[in-house]
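S.K.: Heads up: the protein sequence lines correspond to chains A and B, in order. Per the working numbering, the first sequence starts with residue 6, numbered consecutively. Per the working numbering, the second sequence starts with residue 52, numbered consecutively.
Just to be clear, a hint being listed does not mean it is correct.
[Unchecked claim] Calculated lysine to any residue pairs in the SDA-like style (CA-CA distance at most 20 Å, straight line):
1) B/417 with A/107
2) B/328 with B/395
3) A/50 with B/306
4) A/16 with B/85
5) B/306 with B/258
6) A/113 with B/395
7) A/113 with A/156
8) A/10 with A/61
9) B/257 with B/273
10) B/211 with B/144
11) B/257 with B/303
12) B/426 with A/160
13) B/162 with B/209
14) A/8 with B/88
15) A/156 with B/318
16) A/55 with A/12
17) B/78 with A/20
18) B/233 with A/76
19) A/113 with A/140
20) A/61 with B/211
21) A/10 with B/85
22) B/294 with A/149
23) B/254 with B/328
[Said to hold, decoys possible] Only part of the chain A face toward chain B is listed, based on derived beta-carbon distances under 10 Å:
24) 10
25) 33
26) 45
27) 104
28) 110
29) 124
30) 145
31) 153
[As the list claims (entries may be wrong)] These stretches of chain B come out as covered by chain A in the derived footprint (C-beta under 8 Å, 3 or more residues):
32) 275 to 284
33) 381 to 389
Since the hints were made in silico from the structure, they are not lab data. Quick reminder that beta carbons are idealized off the backbone N, C-alpha and C, glycines included.
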Amino acid sequence: MNKDKFIEEIKLTKNQMYIVALSILKNNEDAEDIVQEALLVAYEKLYTLKDDNKFKSWMMRIVVNQAKMYIRKNRNIVYMDHVEDLVEKNAEEEGGNQNIWELVLSLKSELSTVVILYYEQNYSICEISKIMHVPSGTVKSRLSRARALLKRKLEE
Amino acid sequence: MDKFIDELLRERLTGTEYNVPESLDEKLNDTIHEIEKCDVKKGSKRFLWLSTNKVAGFALFVLMLSVISISSYAAVNLFRDRMSAMPEKVRQDYNNDVQKSSLEADAYSRKLTHSEEERMIKLRKQYEKEGRFPEKEIKQFKDNEGMVEDGLYFVVEESKFYLPDRIMSEEELLEIIDLQEKRDYSVQQENATDDESDSKIKKNGKLEKQSIEIISKLYNLNEKELKIVSTDLVDGCYVYEIKGDDVTYSVYGSKQDAVERIILKKDNLSAHQSGIKLEKVKTKMISEKLKERVEVFSGKKINSKSIYCLVDNKENLAYGTISYYFHMSDGSGCVAVYSMAYHDSYDLYTIDNAVMVQEIEEKIKKAEGSGYNYKLLE
Numbered sequence: 006m007n008k009d010k011f012i013e014e015i016k017l018t019k020n021q022m023y024i025v026a027l028s029i030l031k032n033n034e035d036a037e038d039i040v041q042e043a044l045l046v047a048y049e050k051l052y053t054l055k056d057d058n059k060f061k062s063w064m065m066r067i068v069v070n071q072a073k074m075y076i077r078k079n080r081n082i083v084y085m086d087h088v089e090d091l092v093e094k095n096a097e098e099e100g101g102n103q104n105i106w107e108l109v110l111s112l113k114s115e116l117s118t119v120v121i122l123y124y125e126q127n128y129s130i131c132e133i134s135k136i137m138h139v140p141s142g143t144v145k146s147r148l149s150r151a152r153a154l155l156k157r158k159l160e161e
Numbered sequence: 052m053d054k055f056i057d058e059l060l061r062e063r064l065t066g067t068e069y070n071v072p073e074s075l076d077e078k079l080n081d082t083i084h085e086i087e088k089c090d091v092k093k094g095s096k097r098f099l100w101l102s103t104n105k106v107a108g109f110a111l112f113v114l115m116l117s118v119i120s121i122s123s124y125a126a127v128n129l130f131r132d133r134m135s136a137m138p139e140k141v142r143q144d145y146n147n148d149v150q151k152s153s154l155e156a157d158a159y160s161r162k163l164t165h166s167e168e169e170r171m172i173k174l175r176k177q178y179e180k181e182g183r184f185p186e187k188e189i190k191q192f193k194d195n196e197g198m199v200e201d202g203l204y205f206v207v208e209e210s211k212f213y214l215p216d217r218i219m220s221e222e223e224l225l226e227i228i229d230l231q232e233k234r235d236y237s238v239q240q241e242n243a244t245d246d247e248s249d250s251k252i253k254k255n256g257k258l259e260k261q262s263i264e265i266i267s268k269l270y271n272l273n274e275k276e277l278k279i280v281s282t283d284l285v286d287g288c289y290v291y292e293i294k295g296d297d298v299t300y301s302v303y304g305s306k307q308d309a310v311e312r313i314i315l316k317k318d319n320l321s322a323h324q325s326g327i328k329l330e331k332v333k334t335k336m337i338s339e340k341l342k343e344r345v346e347v348f349s350g351k352k353i354n355s356k357s358i359y360c361l362v363d364n365k366e367n368l369a370y371g372t373i374s375y376y377f378h379m380s381d382g383s384g385c386v387a388v389y390s391m392a393y394h395d396s397y398d399l400y401t402i403d404n405a406v407m408v409q410e411i412e413e414k415i416k417k418a419e420g421s422g423y424n425y426k427l428l429e
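Could you build the full structure based on these sequences and the hints that come with them?
M.R.: Here you go:
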């Protein structure tokens with residue numbers, strides 16, 4: 006993939022990268038920093054991408070990896086309070102309605118990331134398994150638990 | 052029902068765009084602009100160090116020689132050389148250790164002092180940008196067995212840095228930074244490719260055995276008929292899905308490797324059911340059935356209980372479920388949610404007593420605002 010194509014792809018996927026990073030880190034600034042870092046890492050490693058069609062999932066894999074490394078290094082795990090502020094702000098901007106993002110981002114990282122990758126970004130179970138470095142069975146059970154929790158929350 | 056939720060989630064998530072902050076565009080535009088300017092050679096070893104506002108000293112690689120000075124390039128190159136000099140096997144081992152770890156974060160055996168924290172930040176910058184490295188490498192042990200009494204070392208299995216009781220020297224802080232950077236670099240190198248490998252979650256045999264045993268005991272099943280079909284890690288805690296005939300039991304382990312929650316799911320049958328009249332529910336009979344189970348599950352005696360259910364204005368159960376809150380002899384709590392559709396408790400969990408009381412209060416408050424009543428039955 007050449008530089009122009011890379012930049013074009015980044016512009017198309019930046020919002021998706023951000024939301025995946027946010028689902029893991031639960032903090033706006035950290036998510037932005039991680040997307041920025043992932044972009045640079047991806048650019049440096051671009052020569053390892055063998056199939057341009059896999060760019061998006063390859064990129065997401067880097068985002069997930071960078072976010073995990075950030076958590077490991079900073080040890081502060083996640084900031085659930087920040088998420089509540091964020092989603093509240095988002096809901097206000099959406100006209101005051103509690104939106105689906107509030108529910109999804111309020112789930113634990115492991116669950117909210119699979120929900121976003123599966124439902125919003127249309128990745129297959131197999132692709133998510135590669136992006137998140139977990140077996141397919143684990144992705145399925147995370148989706149199943151996330152569904153049950155979201156169902157309960159939607160009914161409340 | 053799953054299909055309905057599937058469609059609902061897909062529709063609502065794809066139909067409602069998340070408002071991404073404008074600051075993201077600002078940050079990315081700057082980075083993209085820098086990339087646009089630079090001349091790249093595929094696979095080149097040259098790279099640039101950039102730092103973001105918040106993550107001071109975090110490793111950012113990009114090929115942009117034009118924007119850095121020769122001296123900083125040389126220093127950064129030292130860092131890069133040190134990382135790339137790691138043999139492939141060592142890199143793979145570091146990556147495997149990190150991926151296998153059940154913990155999201157490395158830990159320290161004690162809190163760093165203020166001066167250690169400050170020096171750590173300063174030294175990390177020097178390590179990354181000026182090529183200041185430790186003279187030796189940190190001692191590493193696979194597990195606790197090799198532990199020495201006082202001193203600095205890293206236990207791989209626990210992802211934990213054991214620190215000496217005294218204030219650490221700069222050499223020791225650099226040894227910690229060195230290992231962290233090498234591990235991060237290895238993870239980055241091993242995973243930023245499009246290979247097909249899958250990693251596995253580390254097995255916890257003790258908790259697996261315990262989970263099977265408790266399901267067998269509580270639901271009167273033969274252990275041999277129960278099979279773990281999936282294992283997951285959430286926040287460092289294990290979650291097992293155990294299959295037995297037409298029922299799947301999701302078993303949640305605590306950080307102390309104790310079973311703390313069991314959720315049942317019957318094939319092709321939802322635990323929730325609407326239209327059941329409250330007057331038809333035999334709460335006392337159910338209560339007797341659950342008492343024994345709760346005592347076996349929690350390993351404690353019951354002191355008292357309260358029973359609640361969510362009803363509409365016609366006294367119909369909202370979801371066909373009744374919640375039994377048990378106050379245990381040691382001051383803890385245990386909740387059993389009974390499903391009328393399953394004729395069984397479909398959610399059973401131990402909980403801190405104060406949290407349990409809070410949970411009840413919240414449900415009462417929520418119900419008031421939605422036209423339902425979270426009714427106290429006993």
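S.K.: Taking only the CA atoms, is the gap from residue 10 of chain A to residue 85 of chain B under or equal to 20 Å?
M.R.: holds, 15 Å
S.K.: Is residue 426 of chain B within 20 Å of residue 160 of chain A, Cα to Cα?
M.R.: Within the cut-off at roughly 17 Å; holds.
S.K.: Verify the proposed pairing of residue 294 of chain B with residue 149 of chain A, using a straight-line Cα cut of 20 Å.
M.R.: Satisfied, since the Cα-Cα distance of roughly 14 Å is no more than 20 Å.
S.K.: Using C-beta distances, would you say chain A covers the segment 275 to 284 of chain B, given that this needs three or more residues below 8 Å?
M.R.: holds (count 5)
S.K.: Check the hint pairing residue 328 of chain B with residue 395 of chain B against an upper bound of 20 Å on the C-alpha distance.
M.R.: holds, 17 Å
S.K.: Does residue 110 of chain A meet its interface restraint, that is, does its C-beta lie within less than 10 Å of any C-beta in chain B?
M.R.: Since the shortest Cβ distance to chain B is 9 Å, the answer is holds.
S.K.: Going straight from one Cα to the other, do residue 257 of chain B and residue 273 of chain B come out at no more than 20 Å?
M.R.: Between residue 257 of chain B and residue 273 of chain B the Cα gap is close to 18 Å, so the pair holds against 20 Å.
S.K.: Please verify whether residue 306 of chain B and residue 258 of chain B have alpha carbons no more than 20 Å apart.
M.R.: Status holds; Cα separation ~11 Å.
S.K.: Verify the proposed pairing of residue 113 of chain A with residue 156 of chain A, using a straight-line Cα cut of 20 Å.
M.R.: With a Cα-Cα distance of about 15 Å, the restraint between residue 113 of chain A and residue 156 of chain A holds, given a limit of 20 Å.
S.K.: Is the Cα-Cα distance between residue 10 of chain A and residue 61 of chain A 20 Å or less?
M.R.: Holds, at roughly 12 Å.
S.K.: So, as I understand it, the hint says residue 153 of chain A touches chain B; can you test that by seeing if any CB pair is closer than 10 Å?
M.R.: Residue 153 of chain A check passes; min Cβ-Cβ to chain B is 8 Å, inside 10 Å.
S.K.: Measure nothing beyond the straight line between the CA atoms of residue 8 of chain A and residue 88 of chain B; if it is 20 Å or shorter, mark the hint as holding.
M.R.: holds, 10 Å
Figure legend: structure checked against the earlier numbered hints; hints not met, in rising order: 3, 6, 20, 23, 24, 33.
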